[in-house]
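Peer 1: Here is how the chains run, residue by residue.
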Amino acid sequence: MKKTILIFIIILITVFCILTFLDYKGRYIAERNLWHINKKLEEIVKDPKAVPDTAFYKVVREYEDFIKEFPNSELVPIADMLLARAYIAKKDYEQARSILFQLIKKYPNNSKVEIRALAEIANIYAMENKWNKVINTYDVVLRKYPYTPLGMRIPMMKAEVYIKKNNKEKAKEQIKNAIKYYSNIVNKKQNTVVGLNAMLLIASCHESLGDNQETINTLEETFNKFADSGLLTPNMVIGIVRHINTISLAKMGNLDIAINVYNRFIKKHPNHPFNKIFSEIIGQLKHIEKQLNKKQSSKTKTKVEAGVTK
Amino acid sequence: MKKNIVTKPNIGAVALLKESITVFFEHKEILFPFCITAFIQLLFLEILYFYPRYPLNIFFGPLIRRKSELYMHYPFNFIYLPELYQYVQIFVYIFISVYFVGVAVSIIQSINRGEKIQIKQAFQRASSVYVHLVLNSLLAFGLVMWLFRLTKLLILRAMQIRSTTGIFFILKKSVILGAPYLNLIFSILVTVLFLYVIPIIIIEQKKIFSALYINFKLLFRSLRLSFVVVLMPTLIYVPVLMLRGILDSGIFPPEMRVIIMVLGIMLTIFIDATIYTSSTIFYLINKEKS
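For the protein sequence lines, the chains are Z and R, in the order given.
Using this note's numbering, you'd call the opening residue of the first sequence number 601 and step up by one each time.
Using this note's numbering, you'd call the opening residue of the second sequence number 2 and step up by one each time.
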């Protein structure tokens, strides 16, 4: 029996060793090593001042070792990005930026890497309050990758920069320009995801300007324009519906605005699959409206009664 | 000198458990079939542990990716590993583990008779009634799964509670956190219900239904003892459940899940060995009495 158990243990150990050896420098090991290094970085980022320099440089060295150990791994750009973040945490912005610029040079044909690196560079400039450079970096992204998710958001992000700079006039002007820019995209890219995103961004612009009615109009237009495109997923519809409901109730104090949007859609597209969602929402909104009215009338009643007693 | 199984006719549950542990430590041959089960389980776990890595990812990749691509990457593979291993455990429980419990019962019977232990003969004896052993485990498994569904329904109901404070929130939390313990209680109940079936099938070479009939007769005569015999060793498993509960807090590295699974396998083997040695001894005592 002892012999058999010993054989079992040997088999288990041998299988473990063989399977470990067969993939000792594969993607999985790279992922594991990077994850553990990243965990250490997370600790540093939590409270960079509390962490001694030696611990910080140890993590930096571990990133560098990782890049040396897995030079051909797809994770190297991520490691570079994380290394840059380590320097950002330590407020060594110059070094962080230099890593990111090198990264862009190292992967000239990798648009994903370049976009992420540029976004990170813009962030660093923002941390240093170098707003002009932030705008310049945004412009590079906008020029090179206008239809990527980040590229699409750049006009809005530029407005945010002006808000941070306390230049409200310029921010307003930028938002108005962004609306024009997105409207052009909507016309150019009809019935595409880019067009749909542009519509949603137009709505965000109107919301930033405080124009609630125009925001709801744009969202309604999105429903109508993309109703039969197949691009609007049920989750997206629910997201937009929530947005409309929040604006009409919280900002405009009138749920009828939202109810009318859905009724108009049902009238225009009588057999549309979204009608079921809209009908349910109309029912819920009417119920909320009733309850709100009840509360309001009971409040008024109490006030009147209080007035009479006085 | 090794002693044979000598017990008082009116033995209590604790004394029976003590006797069982003494017996399987004195006659280590009883543990041998359980060691084989442990080896098979550990081997399966070891293979599954390497599923996201080359060369096993060639086979497992397409299967796992259907669930989610994330599960092929570190550390998400450790989230999926327990679920994946559960499928293996079902197979092991129904087709393998029950067979080796049968072998162990046969060994205990030989010890009780004072015969020389012949492992080969014990295997042959279990093989001859293998179909009935599997039917027994299928019945037990079906019942456990049905009870686990109740837990699931309970969790789903609790999830609908939206309160973030007060009695309903406490109720919701208790159901969600207590679900593994409720499942453990269900497992205990089902084990009690089928406690003597394997000893009867092996010792009497009975078919499943007559074994079930005799089992229930004996069980209802000694319900309290049977319950305690299953409950006490199973309580050792509670720390494993507690550790599993802490795992999601992120204190431990992802690999800890595997360590806990290995610990779980070892403990389950010890629990099974204790429960089935006790139930076999108790059955033999009753047989001699009658």
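Hints were generated in silico from the structure; no laboratory data involved.
Some hints could be false.
[Unchecked claim] Partial pick of chain Z residues on the chain R-facing surface, computed with a CB cut under 8 Å:
{"id": "1", "residue": "Leu606"}
{"id": "2", "residue": "Val615"}
{"id": "3", "residue": "Cys617"}
{"id": "4", "residue": "Leu619"}
{"id": "5", "residue": "Phe621"}
{"id": "6", "residue": "Tyr762"}
{"id": "7", "residue": "Glu820"}
[To be verified] So these bits of chain Z aren't anywhere near chain R, every CB distance computed over 10 Å:
{"id": "8", "residue": "Phe608"}
{"id": "9", "residue": "Gly626"}
{"id": "10", "residue": "Arg632"}
{"id": "11", "residue": "Trp635"}
{"id": "12", "residue": "Ala726"}
{"id": "13", "residue": "Lys768"}
{"id": "14", "residue": "Leu796"}
{"id": "15", "residue": "Ala827"}
[As the list claims (entries may be wrong)] Some chain R residues well away from chain Z (every beta-carbon gap over 10 Å; in silico):
{"id": "16", "residue": "Leu43"}
{"id": "17", "residue": "Asn58"}
{"id": "18", "residue": "His74"}
{"id": "19", "residue": "Val135"}
{"id": "20", "residue": "Ala159"}
{"id": "21", "residue": "Ile189"}
{"id": "22", "residue": "Ile261"}
{"id": "23", "residue": "Glu289"}
Here a beta-carbon is modelled for each residue, glycine too, at the ideal position from N, C-alpha and C.
Peer 1: For every hint, state whether the structure bears it out.
Peer 2: A quick look at each hint next to the structure:
The criterion of a C-beta within 8 Å of any C-beta in chain R is not met by Leu606 (chain Z), whose closest approach is roughly 11 Å, and the hint is violated. For Val615 (chain Z), the interface hint holds, since its Cβ comes within 8 Å of a Cβ in chain R; the closest pair sits about 6 Å apart. The closest approach between the C-beta of Cys617 (chain Z) and any C-beta of chain R is roughly 11 Å, which is over the 8 Å cut-off, so the hint fails. Taken as an interface hint, Leu619 (chain Z) checks out: its beta carbon lies about 4 Å from the nearest beta carbon of chain R, inside 8 Å.
Among the interface hints, the one on Phe621 (chain Z) is violated; its C-beta lies about 11 Å from the nearest C-beta in chain R, farther than the 8 Å criterion. Hint status for Tyr762 (chain Z) relative to chain R: violated, with the closest Cβ pair at about 39 Å, above 8 Å. A distance limit of 8 Å between C-beta atoms decides the matter here; for Glu820 (chain Z) the minimum to chain R is near 30 Å, and the interface restraint is violated. Chain R draws Phe608 (chain Z) into its interface by the beta-carbon criterion, the shortest separation being 4 Å against a cut-off of 10 Å.
Not every beta carbon of chain R lies more than 10 Å from that of Gly626 (chain Z), the smallest distance being close to 5 Å; the non-interface claim is violated. Not every CB of chain R lies more than 10 Å from the CB of Arg632 (chain Z), the least distance being 5 Å, so the non-interface label is violated. At roughly 6 Å from the closest C-beta of chain R, the C-beta of Trp635 (chain Z) falls inside 10 Å, breaking its exclusion from the interface. Non-interface call for Ala726 (chain Z) relative to chain R: holds, since the shortest CB-CB distance, roughly 30 Å, exceeds 10 Å.
Here Lys768 (chain Z) stays apart from chain R, with its beta-carbon at least about 38 Å from theirs, past the 10 Å limit. No Cβ of chain R approaches the Cβ of Leu796 (chain Z) within 10 Å, the least distance being about 25 Å, so the stated non-interface status holds. With a closest Cβ-Cβ approach of about 31 Å to chain R, Ala827 (chain Z) is found to remain outside the 10 Å limit, as its non-interface label requires. Not every Cβ of chain Z is farther than 10 Å from the Cβ of Leu43 (chain R); the closest lies at roughly 6 Å, contradicting the non-interface assignment.
With a least beta-carbon separation of about 8 Å from chain Z, Asn58 (chain R) fails to lie farther than 10 Å from that chain, contradicting its non-interface assignment. Remark: the non-interface label on His74 (chain R) conflicts with the geometry, its nearest Cβ contact in chain Z lying 6 Å away (cut-off 10 Å). Separation of Val135 (chain R) from chain Z is adequate, the least Cβ-Cβ distance of about 24 Å exceeding the 10 Å criterion. Even its closest Cβ contact with chain Z, about 24 Å, leaves Ala159 (chain R) beyond 10 Å, as expected for a residue assigned away from the interface.
Distance to chain Z confirms Ile189 (chain R) as a non-interface residue, since its nearest Cβ pair spans about 29 Å, more than 10 Å. Distance check on Ile261 (chain R): its Cβ is at least 18 Å (rounded) from any Cβ of chain Z, clearing the 10 Å threshold; non-interface status holds. Against the 10 Å criterion, Glu289 (chain R) stays outside the reach of chain Z, whose nearest CB is about 28 Å from its own CB.
Going down the numbered hints, you'll see the structure goes against 1, 3, 5, 6, 7, 8, 9, 10, 11, 16, 17, 18, while the others check out.
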